[in-house]
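**Student:** The chain contents come next:
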Amino acid sequence: MEDLQLMVSGLANGCVYGLVALGFVLIYKATEQVNFAQGDMMMLGAFVAIGLGNESHAGLPFWLACAGAVFAMGAVGMAMERTLLRPLFGQSQIAVVILTIAFGFVLRFAAGAIWGHDPLVMDNPVAGAHVAFGQVVLGADEIAVIAVTVLLTGLLFLFFSRTKLGIAMQAASQNQLAAYYMGIPVKRIHGITWMLAGVTAAVAGILFAAKGSVDPSAGFLGIKAFAAAVIGGFGSLPGALLGGLIIGLVEPFAARYVAAGYAQIAPYAVLILVLIFRPHGLVAQVRGKKL
Amino acid sequence: MRVPFKTSHRHDIRLFADRYQALRYAALLTLAIALPFLLDDFMIGEVTGVLIWAIGGMGLMILTGHAGQISLGHAAFLAVGCYANVILMDRFGLPFPVSFTLAGIVAGLAGVLVAVPVFRLHGIYLAIATLALTMLVEDIIVLTEPWTGGVVGLTAPTITIAGMDVDRFSSPDRFYWLCLSITLLVTLAYCNILRAPLGRAFLAIRDSEASAQAMGVHVARTKAAAFGLSCLVTGWAGALLGHYFYTFNHEVFTVVVSIQLLLMIVIGGIGSIHGAFYGAFVVGVIPQAINISRDWVTAVLGTSGVAVPGLETGVFGLILVLFILFEPYGVHGRITKWKTYFELFPFYRRDLFRRQKSYLKTERIR
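Residue numbers (the numbering used here), protein chains in the order written: chain H, 1 to 291; chain X, 292 to 657.
Please keep in mind that the hints were generated in silico from the structure rather than gathered at the bench. Take these hints with a grain of salt, some might be off.
[To be verified] 30 Å max Cα-Cα, derived DSS-like pairs, lysine-lysine: (1) K187/H - K648/X; (2) K164/H - K187/H; (3) K164/H - K648/X; (4) K297/X - K630/X; (5) K628/X - K648/X; (6) K628/X - K297/X.
[To be verified] For each label pair, taking beta carbons as the anchor points, the in silico distance ranges come out as: (7) H117/H - V442/X: 18 to 28 Å; (8) E603/X - Q5/H: 12 to 22 Å; (9) R512/X - S92/H: 38 to 48 Å; (10) Q5/H - L476/X: 53 to 63 Å; (11) I324/X - V121/H: 32 to 42 Å; (12) M506/X - L273/H: 33 to 43 Å; (13) V442/X - L273/H: 24 to 34 Å.
[Said to hold, decoys possible] Here are a few chain X residues that face chain H, going by a calculated C-beta distance under 7 Å: (14) L434; (15) I484; (16) R486.
Note that the coordinates shown come from a computational prediction; the quantities given were computed from them, not determined experimentally. Think of the CB as a built atom: it goes at the ideal place given N, C-alpha and C, for glycine as much as any other residue.
Taking the hints into account, I'd like the entire structure generated from these sequences.
**Tutor:** As structure tokens, this is what we get:
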């Protein structure tokens, strides 16, 4: 019974990792860029939502604050693409990696300067509510996290495989030059992708801030989410969720059953094992390098 | 305007392009040796720090700048070198020259050990694997408490070389000269590797693995060599860093240090030995500059000193973003451009250093 309880809380944590990982994968899938600032964007989204919604700050109604945060982060994502990423268009992936790491530092500093360094919790309608299934007691926030994550992953998956825009995104990433020839506005597609990543980050941030507390260094969660994305096979949306769930599940069980001190190693140990034995992740997208 | 005309292979690979350049470096070396007589103890301490970071930067530069393998995990090898050196001195009573050499070798071996399973990965995946490595090392240091002192950490013993005590606090000048001589040796060795077949193989791998392989470069072996050499040098930097910090624990070698090391060589100028030095200098100067400008702001505005936590990393990040956007080859790239401008005057053209754009293609094929 205790295991079941651990499993559910692990799943809820894993969903947040999965959502951040989703942001990584989204950008990678559509632009071949890797956004190391995704964790910090999530942190920023959480702070924007708190700043709009909490009684101690602007005090707007919860749903209005959520909408505001989603909208603001979409704009931030798009602005990042326009000002930072577009000048690097046509340069190596590594330049983008270093740029986004550095920009993550800047975001962290900005959030610290605006909202302070104390952990904040977002006021939300389901705070403290519980639902009991037999002997398993679930927090309403945990259920909300799982539901939203599954919904969002499903929507994005359908978006990529069914809509014209999603397919254009895939094309833009598979071969930029050929996509240009086919009349796909690659740069605008990149802008839209970053906007979507910002929206995903805002949703993850809201869930994260409602479930626990958030401070400017929460962006480091991005590293775990990154591990999740890689475990799932970078470039696969369901894979990202799967990886997030694995990391989320490994953590509480390692803390429960493995000697203290070894527990926080577990997610990274899993990552290294996956990288060694299945270098391209569980849901592999790579079959071999084309020249 | 000078036109160097190369007539032989020896001409192409020699250490200095001409006598003039050799003289300039000799002057720089003289200045560096004489520095303790010109600066006070505090400044010498700062310069020593810059030298140590430059060694670490060179370590990463071999791997990232020349062999083209990105690593976000070099703090791990700094830690290995640092702990190995102090443990060998304390537990086994080895003299510093021996323990120092061994510390580097241990770190280098650790690097090869890591490289062997990991070098099937490249690009982003390699970065992630090395990132995970740093995350692990912090915890491993705590877990191996009997050796590493765990959370409490270790204290670096005083170095004794030829009967002389070398200590960061009581004899900063001697410690500076020690670091300077090691920096010099590493730099010379680095220059020589770049002139040798191994260095050329590194460059070939960086530019295209497939064509390097076609030219007869053993890709896996060369990558492992790059990893090993890089970690060897980084381990040495770590060993010196241990003496520089005097006491250290697991919190010194965080993932932020790894990232800082990478950002340092990018600011300095990736793909050049100069870059490691410029980067170390910038990283060493930023905190001082922030302190000074903070005092200045306080004096001008009359407000109490504004202490904003995280300001340093914030400013650092901002500088880096600006560099990547406007000067991707860093400080060294900027200086080279200025130099070329004067050497070619009046024939310098704006697009002389323009980078070729490439359209990305996915590696994910279904």
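**Student:** Next step is simple, just say for each hint if it's right about the structure.
**Tutor:** Consistency of the hints with the structure:
1. Distance restraint check for K187/H and K648/X: the Cα-Cα separation of roughly 15 Å lies within the 30 Å cut-off, and the hinted pair is therefore satisfied.
2. Between the alpha carbons of K164/H and K187/H the distance comes to roughly 16 Å, so the proposed pair stays at or under 30 Å and holds.
3. Under the criterion of a C-alpha separation no larger than 30 Å, the hint pairing K164/H with K648/X is consistent with the structure, at around 28 Å.
4. Among the hinted pairs, K297/X with K630/X is consistent with the structure: their alpha-carbon atoms are about 20 Å apart, no more than 30 Å.
5. Only pairs whose Cα atoms come within 30 Å are accepted, and K628/X paired with K648/X is accepted, the gap being roughly 19 Å.
6. For the suggested pair K628/X and K297/X, the alpha carbons sit about 22 Å apart, so the restraint of at most 30 Å is met.
7. Against the hinted window of 18 to 28 Å, the Cβ-Cβ separation of H117/H and V442/X comes to about 23 Å, which satisfies the hint.
8. Checking the proposed 12 to 22 Å range against E603/X and Q5/H shows it is violated: the Cβ atoms sit about 42 Å from each other.
9. For R512/X and S92/H, the hinted distance range of 38 to 48 Å is not satisfied, since their beta carbons lie about 24 Å from each other.
10. Between Q5/H and L476/X the beta carbon distance is about 59 Å. The supplied range of 53 to 63 Å therefore holds.
11. Taking 32 to 42 Å as the suggested C-beta distance range, the pair I324/X and V121/H does not conform, at roughly 58 Å.
12. Between M506/X and L273/H the beta carbon distance is about 34 Å. The supplied range of 33 to 43 Å therefore holds.
13. At about 27 Å, the beta-carbon gap between V442/X and L273/H stays in the expected band of 24 to 34 Å.
14. Taking 7 Å as the C-beta cut-off, the interface hint given for L434/X holds, the closest approach to chain H being about 5 Å.
15. Annotation: interface hint on I484/X violated; nearest CB of chain H at approximately 22 Å, more than 7 Å.
16. With 7 Å as the threshold, the beta carbon of R486/X stays out of range of chain H, its nearest partner Cβ sitting at about 25 Å, so the hint is violated.
Checked against the numbered hints given earlier, this structure breaks hints 8, 9, 11, 15, 16; the rest are met.
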